[in-house]
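**Q** Construct the complete structure from the given sequences, taking the supplied hints into account.
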Amino acid sequence: MAQLTMIQAINQALAQALDQDPAVIVFGEDVGKNGGVFRATDQLQARFGEQRVVDTPLSESAIIGSAIGLAVNGMKPVAEIQFMGFLYPAMDQLASQASRLRFRSAGRYALPLVVRAPFGGGVRTPELHADSLEALFTHTPGLKVVIPSSAYDAKGLLLQAIDDPDPVLFAEPMKLYRAIKEEVPEAPYRIPLGQARVVREGRDATVLTWGAPVWLVHKLAGQLQQERGISLEVIDLRSLIPLDEETIMHSVSKTGRALVVHEAVKTGGFGAELASRIMEKVFLYLHAPVMRVTGYDTPYPVPQVEDEWLPHEERILQAVHELLDY
Amino acid sequence: MGICEAGLVQVLNEDGRVVGEQPQNLSDAQLKDLYRRMQWARLFDQRAVRLQRQGRIGTYAPLEGQEAAQVGSSYVLEKGDWLFPTYRDLAACFNFGLSYTSALLYTMGHLEGGRLEEGYNLFPISIMIATQLPQAVGAAWASKLKQDGRVALVYFGDGATSKGDFHEALNLASVLKAPVVFFCQNNQWAISVPLSKQTGHTVIADKAQGYGLPGVRVDGNDVLAVCQVAKEAVERARRGEGPTLIEALTYRLGPHTTADDPTRYRPAEELEQWKQQRDPLRRFRLFLEREGLWSEHEEEQSAAEFKTVMDEALKKAEQTPRSQLHQAFDYVYTNPPQDLLRQKEEVLSWTQRKGSVSWHN
Ligand SMILES: Cc1ncc(C[n+]2csc(CCOP(=O)(O)OP(=O)(O)O)c2C)c(N)n1
Chain A
3 MAQLTMIQAI NQALAQALDQ DPAVIVFGED VGKNGGVFRA TDQLQARFGE QRVVDTPLSE
63 SAIIGSAIGL AVNGMKPVAE IQFMGFLYPA MDQLASQASR LRFRSAGRYA LPLVVRAPFG
123 GGVRTPELHA DSLEALFTHT PGLKVVIPSS AYDAKGLLLQ AIDDPDPVLF AEPMKLYRAI
183 KEEVPEAPYR IPLGQARVVR EGRDATVLTW GAPVWLVHKL AGQLQQERGI SLEVIDLRSL
243 IPLDEETIMH SVSKTGRALV VHEAVKTGGF GAELASRIME KVFLYLHAPV MRVTGYDTPY
303 PVPQVEDEWL PHEERILQAV HELLDY
Chain B
13 MGICEAGLVQ VLNEDGRVVG EQPQNLSDAQ LKDLYRRMQW ARLFDQRAVR LQRQGRIGTY
73 APLEGQEAAQ VGSSYVLEKG DWLFPTYRDL AACFNFGLSY TSALLYTMGH LEGGRLEEGY
133 NLFPISIMIA TQLPQAVGAA WASKLKQDGR VALVYFGDGA TSKGDFHEAL NLASVLKAPV
193 VFFCQNNQWA ISVPLSKQTG HTVIADKAQG YGLPGVRVDG NDVLAVCQVA KEAVERARRG
253 EGPTLIEALT YRLGPHTTAD DPTRYRPAEE LEQWKQQRDP LRRFRLFLER EGLWSEHEEE
313 QSAAEFKTVM DEALKKAEQT PRSQLHQAFD YVYTNPPQDL LRQKEEVLSW TQRKGSVSWH
373 N
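Protein sequences, first through last, are from chains A and B.
Numbering-wise (our numbering), the first sequence opens with residue 3 and increments by one.
Numbering-wise (our numbering), the second sequence opens with residue 13 and increments by one.
Just so you know, these hints were derived from the structure itself, not from any lab.
Quick caveat: nothing in here was measured; it's all calculated off a predicted structure.
Be a bit skeptical, because a hint or two may be false.
Stated by the list, open to error - Mimicking SDA-like on lysine to any residue, the simulated pairs with C-alpha atoms at most 25 Å apart in a straight line are:
hint: 1; chain 1: A; residue 1: Lys268; chain 2: B; residue 2: Leu353
hint: 2; chain 1: A; residue 1: Lys268; chain 2: B; residue 2: Val344
hint: 3; chain 1: B; residue 1: Lys328; chain 2: A; residue 2: Leu326
hint: 4; chain 1: B; residue 1: Lys366; chain 2: A; residue 2: Glu282
hint: 5; chain 1: A; residue 1: Lys35; chain 2: B; residue 2: Lys189
hint: 6; chain 1: B; residue 1: Lys366; chain 2: A; residue 2: Lys35
hint: 7; chain 1: B; residue 1: Lys366; chain 2: A; residue 2: Phe50
hint: 8; chain 1: B; residue 1: Lys189; chain 2: B; residue 2: Tyr87
hint: 9; chain 1: A; residue 1: Lys268; chain 2: B; residue 2: Pro348
hint: 10; chain 1: A; residue 1: Lys268; chain 2: B; residue 2: Asp272
hint: 11; chain 1: A; residue 1: Lys35; chain 2: B; residue 2: Val344
hint: 12; chain 1: B; residue 1: Lys209; chain 2: A; residue 2: Leu326
hint: 13; chain 1: B; residue 1: Lys209; chain 2: A; residue 2: Arg49
hint: 14; chain 1: B; residue 1: Lys209; chain 2: A; residue 2: Phe50
hint: 15; chain 1: A; residue 1: Lys35; chain 2: B; residue 2: Asp272
hint: 16; chain 1: B; residue 1: Lys327; chain 2: B; residue 2: Leu43
As the list claims (entries may be wrong) - Below, a sample of chain A positions facing chain B; criterion: calculated Cβ distance under 7 Å:
hint: 17; residue: Pro59
hint: 18; residue: Leu60
hint: 19; residue: Ser63
hint: 20; residue: Gly67
hint: 21; residue: Arg110
hint: 22; residue: Arg126
hint: 23; residue: Glu129
hint: 24; residue: Leu130
hint: 25; residue: Tyr287
hint: 26; residue: Asp299
hint: 27; residue: Thr300
hint: 28; residue: Val304
hint: 29; residue: Pro305
hint: 30; residue: His314
We put the beta carbon where it would ideally sit given N, CA and C, even for glycine.
**A** See below:
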């Protein structure tokens, strides 16, 4: 089995999807000759030709809008939006159009389209490149929102997303693209959407997270176990819609404590959704309120202060401390 | 692509010889000033790229090759006019009052890097493509309503012409007869996508027709031609006759940004041709030397002067204290909600505790 980075795993998944199904078409800005600004589509145009791996004009709304038309007419579009913040100009097509086509057509049209978009902080990008906008899309009925945190998951989830008959936003944490190498099987495989991954089992509290913070939380959980005998259960949600409520509620009712860690701003973030679901479902098991460590309610800040703005080690430790001592 | 094709306004040819209408309105001192601004823009750019390589500033978008387009067009503005730049338009911004220190702080990822000089109507640099076009129309519209005689000049690239905002802005400006000048620097590449994949047409200036406004195509590496064309468009706007679309045909000699590798997508011969034969500085310098207005001595003296100014600006930027996260909270709302102020307090208390308590010890 080969050791791959996340970006290599994504590249392999795209190649296999293109290879297996002539309906798959990959397109977006700079995805062709340049192979994508992160090289996710490296060599794909050389291998599959300009009809299947297409450099589009600089037109996010046209990219998503045309993906809708492609999908209703028998293709399986996999569109790349260069950075998640650039979904704003395509908001109309994605949030008000793609998401509700099935509803509008009373089930006549399914929309098997995937929108890939890098996002997330700690990479020192210019403005609007790092923003975590997942809550905008979980608040949009009709879309699925998938966020891998490992190379293995990225490949399996992406292949599954491409198979899925509904529109999927596949949000890729930029910081993890090259940060880790993992064993990734060469043969295509699929990971069902809506199954969280228990990264680490524990007794004392449950940490719910996704994307880049998964690794930070996992590391901290190891330290806490070693240094203080605290046992955290760490859950990578992997997809927010569909949400694996069963795994979450099972874990929280076992530990009695829940902490949500996400990079997106706090107010109206998906952490708020998780907290209220936990309240609805397992309130009587709780020994402490559900807590959150998130980005602050400012626009994503400039490079000089982003490390402090993002959920960092000390903030997470403090929250675990408060949760356990409540 | 022939650079002398029909419809392209040119004053100087590639050897710096006058082929168009000789500019009447520029004095010798102004001609020298124009050149010096282009030279300084290039020197700043080259220095910035080196600073990025040394890790002293962050990602930077080089403007080398586009000096004439930016300097020539911004030169004709008056102080109270409006300028809407992108990340690649620092030469225009400098002309318009942006300090080198501010530009450096911006690329250093400093919170204050976004603060522009008071008294200049310079809009923050646009990172999102084409968003600034409708915004410039709005500023121009306000000037029209206020009858203050101001004009808005908005910069964008060829890639931006694919965005809905470009089309919506041209359409709205035309309907309103807004005093705005749309200035496209067609450097022929949008990261790795060449013009032929950006639009099915070859002439961006022609797009004006569909919206009922004049479109002008100018040799963007000919500073005198750019100056001329921009001046006419600005005067037209000021007279209340409405918007103009200018397409300045130019070329980006460097990478898209310091994080980009243009050898992956751009033919080396194309680059060489533009570098050797169409350099905007070379062309204008040849002209000035022939007119007896510039010499090797002046070139060196001016470069030395720039170095002093730049060293000073860099020193100032590097001595500026690093941004603190708590400052970010002051820029979110004019009147921040209580909840945000509580978050600011939390950040401040983290700053105070830093180093003293580490809970996991
Ligand atoms: C809405 C949006 N989409 C994509 C990007 C990513 N991006 C940054 S610059 C660029 C190319 C822009 O080309 P052009 O408009 O020709 O300007 P140039 O960079 O050549 O000056 C792209 C695709 C962005 N910043 N904003």
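**Q** Does each hint hold? Answer for all of them.
**A** Here is what the structure says about each hint:
For the given pair, Lys268(A) sits about 14 Å from Leu353(B) by alpha-carbon distance, which is consistent with the 25 Å threshold. Distance restraint check for Lys268(A) and Val344(B): the Cα-Cα separation of roughly 14 Å lies within the 25 Å cut-off, and the hinted pair is therefore satisfied. Straight-line distance between C-alpha atoms of Lys328(B) and Leu326(A) comes to about 48 Å, which puts the hinted pair past the 25 Å bound. Distance hint between Lys366(B) and Glu282(A) is unfulfilled; the C-alpha atoms sit about 37 Å from each other, more than 25 Å.
The hinted pair formed by Lys35(A) and Lys189(B) fails the criterion: a straight-line CA distance of about 41 Å is larger than 25 Å. Simply put, Lys366(B) and Lys35(A) have alpha-carbon atoms about 47 Å apart, too far for the 25 Å limit, and the pair is violated. Only pairs whose Cα atoms come within 25 Å are accepted, and Lys366(B) paired with Phe50(A) is rejected, the gap being roughly 53 Å. Under the criterion of a C-alpha separation no larger than 25 Å, the hint pairing Lys189(B) with Tyr87(B) is consistent with the structure, at around 23 Å.
Pair hint Lys268(A) plus Pro348(B) holds up; C-alpha atoms about 16 Å apart against a cutoff of 25 Å. Taking the CA atoms of Lys268(A) and Asp272(B), the gap is about 33 Å. The hint is violated against a cut of 25 Å. Among the hinted pairs, Lys35(A) with Val344(B) is inconsistent with the structure: their alpha-carbon atoms are about 40 Å apart, more than 25 Å. Restraint check: the Cα-Cα separation between Lys209(B) and Leu326(A) comes to about 58 Å, which exceeds 25 Å; the hinted pair is violated.
This hinted pair checks out: Lys209(B) and Arg49(A) have alpha carbons roughly 20 Å apart, not beyond 25 Å. Between Lys209(B) and Phe50(A) the alpha-carbon distance is near 18 Å, which keeps this suggested pair within the 25 Å criterion. Distance hint between Lys35(A) and Asp272(B) is fulfilled; the C-alpha atoms sit about 13 Å from each other, no more than 25 Å. A C-alpha spacing of about 31 Å is found between Lys327(B) and Leu43(B), which places the hinted pair above 25 Å, so the restraint is violated.
With 7 Å as the threshold, the beta carbon of Pro59(A) comes within range of chain B, its nearest partner Cβ sitting at about 4 Å, so the hint holds. Because the smallest distance between the Cβ of Leu60(A) and any Cβ of chain B comes to about 4 Å, under 7 Å, the interface hint for this residue holds. Because the smallest distance between the Cβ of Ser63(A) and any Cβ of chain B comes to about 6 Å, under 7 Å, the interface hint for this residue holds. Because the beta carbon of Gly67(A) sits about 10 Å from the nearest beta carbon in chain B, more than 7 Å, this interface hint is broken.
A least Cβ separation of about 28 Å between Arg110(A) and chain B goes past the 7 Å threshold, and the interface hint is therefore violated. Look at Arg126(A): its Cβ gets to within about 6 Å of chain B, closer than 7 Å, so that hint holds up. Residue-level restraint check for Glu129(A) holds (minimum Cβ-Cβ distance to chain B is 5 Å; threshold 7 Å). Against a cut-off of 7 Å between C-beta atoms, the interface hint on Leu130(A) holds, since the closest Cβ of chain B lies about 6 Å away.
Here the hint on Tyr287(A) is broken, as its CB sits about 26 Å from the closest CB of chain B, past 7 Å. The beta carbon of Asp299(A) is positioned within 7 Å of a beta carbon in chain B (closest approach about 6 Å), and the interface hint is therefore held. The interface hint given for Thr300(A) holds, since its Cβ lies 5 Å from the closest Cβ of chain B, which is under the 7 Å cut-off. A cut of 7 Å between beta carbons decides the hint on Val304(A): the least distance to chain B is about 4 Å, and the hint holds.
Checking Pro305(A) against chain B: minimum C-beta separation of about 3 Å stays under 7 Å; hint holds. For the restraint placing His314(A) at the interface with chain B, the shortest Cβ-Cβ distance is roughly 9 Å, beyond the 7 Å limit, so the hint is violated.
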